[in-house]
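Chemist: Those protein sequence lines, which keep their order, are chains W and R.
According to my numbering, the residues represented by the first sequence are 1 to 203, in order.
According to my numbering, the residues represented by the second sequence are 1001 to 1222, in order.
Think of the hints as simulated: they come from the structure by calculation, not from any bench.
Hints may be right or wrong, so weigh each one.
In silico lysine-lysine, DSBU-like type, Cα no more than 35 angstroms apart, as pairs [said to hold, decoys possible]:
no., chain 1, residue 1, chain 2, residue 2
1, W, K55, W, K181
2, R, K1072, W, K126
3, W, K126, W, K173
4, R, K1210, W, K172
5, W, K126, R, K1204
6, W, K173, R, K1072
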Amino acid sequence: MADSDTELIKRAQAQDLDAFCLLAERYARRIHLLASHYCQNTQDAEDLSQEVWLKAYQAVQTFRFDSSFYTWLRRITINTFLNHRRSNFFRWRGQSTVVQLLPIDLDDSGELVGSSSASPENIYNKLLFENVINALAELTPSQRLAFLLRHYEGMSYDEIANAMNCSTGTAKKGVWRAIAKLRARLSPDSHEPEPLIDLASEY
Amino acid sequence: MHNCTETKERFTELVLDGRITEISAAELDTCAECRAELDALNMTLRMTSRLSETAAPAESYWSGYHARLRDKLAIAPNPSHAEKQRRKEKLGPLFETMRLCVRTQVRVPLPLALAAIIACLALGVFAFRRKETPVAQPPLLVHVPVQVPVVQEKVVTRVVYRDRRSSSRNSRRAINDDAQAESTFAKSRTSSTDEIPASLNGFKPTDEVKLTVIKGGSPYEK
C-alpha cells in the first residue's frame, strides 16, 4: 500500500530523502507542466521545476499541514517563477518567438507521448505546440502566469491574487488580457495554417 | 435585452470554468457576433489545453528527471540545516556575536583561574561590606527664595537742640572742661571762614567722616 502524503511529509521532515523523492514523483509532472508552459523551453522547465523541488526540500520542515501539500508546493512554485522573472533569467528567452522543438524528437529527454516523427498527427502536434508556445511567449510573464493558474490549475481569481501578491482585479485583468491576446493570435482569422485550425476544431 | 459586451465577458468565465453548457442555444442564435466569439474562445482554450498533452515529456524522460533531482537533493543542505541557516539570517549578526561570546572556550591555567576566583570573591566581599557601612546622608537642600532688602544710601539731617536750662547748672563745671574744646572749635570756625576756597577744584571727599557732637557747648553756639 502506498504511503499517504502525510506519512511521506513526516518522513521528509525527519530528513528522509527517499520519502521526499517519492513525494516529488507524485507531483513532479504537474510542476513540470506549469514550468514548461511558463518558460517555453524544455531545459529551462526542468531547471525551474527542480529548483522548486530544492526549495520545497529545504522548507519542508515549515509545512504545518494546514493546507494540502500541493497547495503549499504550488505557492513555492509561483514564488520561484516570480523570482525568476525578477532576476531576468527567462526574459530574453520569453521575449523570443523562436521555439526550440529539438527536444521533442529526443528519445531520452523530450519525446512526445505516443508520437512517431513521421505521422501526420505528430506534425500537427508540432505545429500546434509551436503556435501555442509562440502565442504564450507574447504574453507578459504575469499575464502568462495568471492565465496558467486560472486555466490549468483552476484557481479562483482571489487565490491567484493572493499567490501573486496583487489585487483580484489585477489578476482578473491579467487573465482576460492573456485570453484576448491568445485569441487574437490563435483565432481562425489570424494567419495560421489551416490544418492546425482544423485539428483544433476536432478536439 | 441582449448585451453583447456582457455576454462575451460571461463566456470567458463560463468557458474557463467548463460550464459552457450553461449558455443557452437560443441566446447564441439571436446574435451571430456572440456565437463567433464563443467559437473563437472555445477553440483558443482548447488549443492551449492540448498543449498540456503535446508538451508532456515521455515516460522515459521521468526516470532521468528524478535521478537528476535526487542528485541535486543529495548535495543540497539538509532541511534542518537550511532551517537553522534561515533563522540565523533572520536574527542577524548580533545573535551571531552573542552566540560566539557564549560558546567561546579559553584555556586558563588552574592557579591563574583560582587566583581570579579568589580576587573576585574578595572584591565581592569588599563591595558588600562597603555597602553595609552607614553613610552620612547629605543634608537636604531646600531652595527657598528669600527677599533681601537693598541698602540704599540716604542723607540724614539731624538737628540737635541743646537744653539751656539743664545745662546752666552744669555750665560752670563744664565750662572749664570745655574751655579747651571751645577754643579749638572757635579757632576752627574762624579759620574755616577765613580759608573758604574760591572753588572746589581739587577737592577730594574723605573716606571717613568723623562727626563729634558736643553737648552743652560754648556760648557762641546758637
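Chemist: For every hint, state whether the structure bears it out.
Modeler: Structure-based check of all given hints:
At roughly 33 angstroms between alpha-carbon atoms, W/K55 and W/K181 fall within 35 angstroms of each other, so this suggested pair holds. Of the supplied pair hints, the one linking R/K1072 and W/K126 holds, its CA atoms being roughly 32 angstroms apart against a limit of 35 angstroms. Of the pairs offered as hints, the one joining W/K126 and W/K173 holds, with about 30 angstroms between alpha carbons and a cut-off of 35 angstroms not exceeded. Between R/K1210 and W/K172, the direct Cα distance comes to roughly 113 angstroms. Violation of the 35 angstroms bound is thereby established for this hinted pair.
Among the hinted pairs, W/K126 with R/K1204 is inconsistent with the structure: their alpha-carbon atoms are about 130 angstroms apart, more than 35 angstroms. For the given pair, W/K173 sits about 38 angstroms from R/K1072 by alpha-carbon distance, which is inconsistent with the 35 angstroms threshold.
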